[in-house]
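Enquirer: Spelled out from the first residue to the last, the chains are:
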Amino acid sequence: MGAKVVTITSGKGGVGKTTATANLAAALAAMELKVVCIDADIGLRNLDLILGLENRIVYDLVDAVEGRARLRQAMIRDKRFPNLYLIPAAQTRDKTAVSPSDMIRLCDELRPDHDWILIDSPAGIERGFRNAVAPADRVLIVTNPEVSAVRDADRIIGLVEAEEKGPAQLILNRLNPEMARRGEMLSPNDVIELLAIELIGIVPEDEHIVVAGNRGAPIALDEKSRAGQAFRNIARRLNGEKVPFMDLERRDGFIGRLSNILGRGG
Amino acid sequence: MAPRVEIKGIREGLLVTVGEGEWGEIERSLIEQVQRRSAFIQGARLTLDVGQHELHPTEMGALVESLTRFGVSVHAVLSKSLVTETSAQGLGLGTRISQSAAKAPVRLAPVPERQGESLFLRKTLRSGVKIEFAGDVTVIGEVNPGAEIVASGSVVIWGRLRGVVHAGAEGDGEAVVCALGMTPTQLRIAGQVSIPAGRSGKVQPEIARLTGGQVIIETWEAK
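Chains as they are written, first to last, in my numbering: chain A, 11 to 276; chain B, 361 to 583.
Incorrect hints may appear among the rest.
The calculated SDA-like cross-link candidates involving lysine to any residue, where the alpha carbons are at most 25 Å apart (straight line), are [unchecked claim]: (1) K44/A - T102/A; (2) K368/B - K562/B; (3) K483/B - R192/A; (4) K14/A - R80/A; (5) K490/B - G501/B; (6) K175/A - I401/B; (7) K175/A - L451/B; (8) K14/A - K368/B; (9) K22/A - R161/A; (10) K483/B - E173/A; (11) K562/B - R192/A; (12) K14/A - P110/A; (13) K483/B - E136/A; (14) K175/A - P505/B; (15) K483/B - I202/A; (16) K175/A - R456/B; (17) K175/A - A422/B; (18) K483/B - G134/A.
If you are wondering where the hints come from, they were derived from the structure by calculation, not from laboratory data.
Required output: the full structure, derived from the provided sequences and hints.
Expert: Here you go:
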């Protein structure tokens, strides 16, 4: 019983942790599951923007931890789903305002009333990362098909293993299938061969994500978007469903072409 | 005299055994050892055998926290004291490891023709891990880019080498580096540095050694 705590992390900044958190939260909420997401990026909060909830913030994570607000008061209800909540980060403090044991306590308090607790980890490997990972039951590593992002993901996987939070699962974000096919970008196969962890989803590059983020409307709620579809699939896999990987080559649309892409890369 | 703190490798990671004495001093001595040998210990799973010492949750919490700062995660605490066991359980730490595991050290018996230590690692070394060892190192697993092995002896990798290896780090020009897939970021043997050209084609077992002051990489073939 109780919620599963999933931490979304990456090491490198800018690979799409916050976008992934917001979209998985929205997709899980759309499946009528009770979801809380926690922005652990204290001092550089963003998740509220991506979810379009910035103007509703009164209390935040640090207020709840330091007792200035009850946990309930720091939970912002989403405007689209009554079963989705956000606990925003404090913007005027830094990572040391919260400790790993605070995060464990907070999540334990949330567990009984929810199905999923998603934690958006800050970039880096310091205190903020340790805060985000401490309460995790599962860890999702977000990376891009770029050498630098994959290198940092490898480091993070090692740290997650050391914290005994493994095995982590991988979200390969912002893949351009056409470039990967031409060998101009790391292919999913290259990335998985090096990182040697289970892949939970590939999200194709999609400029609509930028637009959606600016509007505060997660792309996972856009039925027509392929990136949105990818996030919805990841949410279903997280929830235990077996969902085949999407065909990322649009030209002839049958599922299973992914294996061809995998085979050709590398 | 400083209290005794002993660190040795076991199958589960590292076993730290502390001796008798005042806890504050032991803690200082332990932290100091961890700091001094950080390259060897970093990222390790640590089992702590505190013997008779009676540790309350705050003391144990403080120790775990300071060890975490040095990149060491405490996995279990062994103790003869019930109070200590309860504190450990309160922090979500184990209080048992199997006896056979405790007695199976990671270090292998010395190789006959070379009297020295040997380190055997059965795991993939990911980016950010640095292994420093006075002796030979064997890895069953991959050595990923960003990982580094520095050994005074030879290094054998049953897996793909993509990181940095320095064999013969104290000047032994006889040291060799072997890997099932030899695509290192950089290879050093004794004082020689070699930056292998980017290679494509078949990945095959190879051995690198110093020949005429140069690092030469040869294909290993079964006779």
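Enquirer: Could you tell me which of the hints above the structure violates, numbers in ascending order?
Expert: Hints 1, 2, 3 and 8 contradicted; others consistent.
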